[in-house]
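Chain by chain, the residues run as shown.
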Amino acid sequence: MTNLFYLESVKIGILLLFSIVLASIIIFLSYTFSTSSPDSEKVSAYECGFDPYEDARNVFDVRFYLVAILFIIFDLEAVFFFPWCISLSYLSIESLWAMVDFVVELFAGYIYAWEAGALDWE
Amino acid sequence: MKYLHLILCMLMVICSLLVVFSANPVESVLFLILTFFNAGTILFFFNLEFFGLIFIIIYVGAIAVLFLFVIMMLNIKLHSSIFGAFTFKNSLMYAISFFLVYILLLNLYLYFSISMPTLFVMTPTDTQNVLLNSRLDNLTNIEVFGQVFYNYYLVYLPLAGFILLIALVGVIVLTLQFNKIKKVQIDSKQLSRTDNFVTFFYNKNN
Chain A
1 MTNLFYLESV KIGILLLFSI VLASIIIFLS YTFSTSSPDS EKVSAYECGF
51 DPYEDARNVF DVRFYLVAIL FIIFDLEAVF FFPWCISLSY LSIESLWAMV
101 DFVVELFAGY IYAWEAGALD WE
Chain B
123 MKYLHLILCM LMVICSLLVV FSANPVESVL FLILTFFNAG TILFFFNLEF
173 FGLIFIIIYV GAIAVLFLFV IMMLNIKLHS SIFGAFTFKN SLMYAISFFL
223 VYILLLNLYL YFSISMPTLF VMTPTDTQNV LLNSRLDNLT NIEVFGQVFY
273 NYYLVYLPLA GFILLIALVG VIVLTLQFNK IKKVQIDSKQ LSRTDNFVTF
323 FYNKNN
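Protein chains in written order, with my numbering: chain A, 1 to 122; chain B, 123 to 328.
Hints listed in this document are in silico derivations from the structure and should not be mistaken for laboratory results.
There's no promise every hint is true.
[To be verified] Here are the simulated SDA-like pairs of lysine to any residue, each with C-alpha atoms no more than 20 Å apart in a straight line:
hint : chain 1 : residue 1 : chain 2 : residue 2
1    : A       : Lys42     : A       : Asp55
2    : A       : Lys42     : A       : Glu54
3    : B       : Lys302    : A       : Lys42
4    : A       : Lys42     : A       : Tyr31
5    : B       : Lys302    : B       : Val291
6    : A       : Lys11     : A       : Ala23
7    : B       : Lys304    : B       : Ile294
8    : B       : Lys302    : A       : Phe64
9    : A       : Lys11     : B       : Ile164
10   : A       : Lys42     : A       : Tyr53
11   : B       : Lys304    : A       : Trp121
12   : A       : Lys42     : A       : Arg57
13   : A       : Lys11     : A       : Leu22
14   : A       : Lys11     : B       : Ile178
15   : A       : Lys11     : B       : Phe172
16   : B       : Lys305    : A       : Leu119
17   : A       : Lys11     : B       : Lys305
18   : A       : Lys11     : A       : Ile27
19   : B       : Lys304    : A       : Ile111
20   : B       : Lys302    : B       : Gly292
21   : A       : Lys11     : B       : Tyr125
22   : B       : Lys305    : A       : Arg63
23   : B       : Lys302    : A       : Trp114
24   : A       : Lys42     : A       : Pro52
Source: prediction; values computed, not measured.
The following block holds chain A by itself, in its conformation from the complex (with noise of 0.2 Å):
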């Protein structure tokens, strides 16, 4: 890597090191001078002191996923955008038209989304 991009990256491999290594120090000498006396009992769940009536999870709501997948879709749509919109003035105007096409696209796609609902959360 070139001198100037190997120090801009140098400043952030830094802080990562830093982190890192903080972080490992607190959770090595937390493991090391506590004192730990395992038991199932303790990890087992409590309701009141009789055995447990069921489950203590809810079933999973498949909305959370509609909603991530919903949220990937848009994010690559920025994706493509970003390295559009940096190298724009070297562009022809075809690419203009396509990025058009492309966003006309996602956004009869994101109408839909609207009237049929999945934006609600009921």
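Since chain A is already given, all that's left is putting chain B on it; use the hints.
Showing chain B alone in chain A's frame:
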């Protein structure tokens, strides 16, 4: 500094092995996230900083989140280990399998160290020689990628848009319940409400 690249590659191999061999499914996903972070960091060393960051944004921020949601959906409670018990009968099998994996990795290393020697040790002079021989400009990765992709490979952009559109429509069709009764407000009725209704009783009593 010379061996940082090799350390990251070895760390990536170890993390990806731990994805398979860890006890918990959640632990597996955490090691997968660590693998993606390592991949993004390795890309930084090849002057591909845009792709490294995009790896971290997309792979860790979106795809690993999807993996995590799948594990939350499956609700696996047992901690299992793939090795089982280390008995005397099993030890010969484990020894042979580790020896075979070692031979395989040794052959791979031998092949790549002869054909692509700069993969293992990246000194600054190596990369400077590579740059001088290929006569690249002083551009960052984003600018280069933008100038190539949006000029010569322009046909793939609307195709990618179609793939994303299909994913969007598909996930809505698969997960949404369409015949639900929703309580909504009717905006036009709310806005067309006048003050006659509110002040009717007030004026009558005064």
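Hint by hint, here is what the structure shows:
1. With a C-alpha separation of about 18 Å, the suggested pairing of lysine 42 of chain A with aspartate 55 of chain A holds against the 20 Å cut-off.
2. Proximity of lysine 42 of chain A to glutamate 54 of chain A is assessed by CA-CA distance (about 19 Å); at most 20 Å being required, the pair is judged to hold.
3. Proposed proximity of lysine 302 of chain B and lysine 42 of chain A is contradicted: the alpha carbons are some 44 Å apart, above 20 Å.
4. Our distance criterion of 20 Å between C-alpha atoms is met by lysine 42 of chain A and tyrosine 31 of chain A, whose separation comes to about 18 Å.
5. Taking the CA atoms of lysine 302 of chain B and valine 291 of chain B, the gap is near 18 Å; set against the 20 Å cutoff, the hint holds.
6. A hinted pair counts as satisfied when its Cα atoms are at most 20 Å apart, and lysine 11 of chain A with alanine 23 of chain A qualifies at roughly 19 Å.
7. Using a Cα cut-off of 20 Å, the hinted pair lysine 304 of chain B and isoleucine 294 of chain B holds, with the two alpha carbons roughly 17 Å apart.
8. A distance of roughly 18 Å separates the Cα atoms of lysine 302 of chain B and phenylalanine 64 of chain A; the hinted pair therefore holds under the 20 Å criterion.
9. Taken as a hint, the lysine 11 of chain A and isoleucine 164 of chain B pair is honoured in the structure, with Cα atoms around 17 Å apart against an allowance of 20 Å.
10. Taking the CA atoms of lysine 42 of chain A and tyrosine 53 of chain A, the gap is near 18 Å; set against the 20 Å cutoff, the hint holds.
11. Restraint check for lysine 304 of chain B and tryptophan 121 of chain A: satisfied, since their Cα atoms lie roughly 10 Å apart, inside the 20 Å limit.
12. For the hint pairing lysine 42 of chain A with arginine 57 of chain A, the CA-to-CA distance comes to about 19 Å; that is within 20 Å, so the pair holds.
13. Proximity of lysine 11 of chain A to leucine 22 of chain A is assessed by CA-CA distance (about 17 Å); at most 20 Å being required, the pair is judged to hold.
14. For the proposed pair lysine 11 of chain A and isoleucine 178 of chain B, the alpha carbon gap of about 19 Å is at most 20 Å, so the pair holds.
15. A hinted pair counts as satisfied when its Cα atoms are at most 20 Å apart, and lysine 11 of chain A with phenylalanine 172 of chain B qualifies at roughly 18 Å.
16. Taking the CA atoms of lysine 305 of chain B and leucine 119 of chain A, the gap is near 14 Å; set against the 20 Å cutoff, the hint holds.
17. Distance restraint check for lysine 11 of chain A and lysine 305 of chain B: the Cα-Cα separation of roughly 53 Å exceeds the 20 Å cut-off, and the hinted pair is therefore not satisfied.
18. A hinted pair counts as satisfied when its Cα atoms are at most 20 Å apart, and lysine 11 of chain A with isoleucine 27 of chain A does not qualify at roughly 25 Å.
19. Between the alpha carbons of lysine 304 of chain B and isoleucine 111 of chain A the distance comes to roughly 19 Å, so the proposed pair stays at or under 20 Å and holds.
20. With a C-alpha separation of about 19 Å, the suggested pairing of lysine 302 of chain B with glycine 292 of chain B holds against the 20 Å cut-off.
21. At most 20 Å may separate the alpha-carbon atoms for a hinted pair to count; lysine 11 of chain A and tyrosine 125 of chain B meet this at roughly 18 Å.
22. Annotation: proposed proximity of lysine 305 of chain B to arginine 63 of chain A holds, straight-line Cα distance about 18 Å (limit 20 Å).
23. A hinted pair counts as satisfied when its Cα atoms are at most 20 Å apart, and lysine 302 of chain B with tryptophan 114 of chain A qualifies at roughly 15 Å.
24. The suggested pairing of lysine 42 of chain A with proline 52 of chain A holds, with an alpha-carbon distance near 14 Å, which does not exceed 20 Å.
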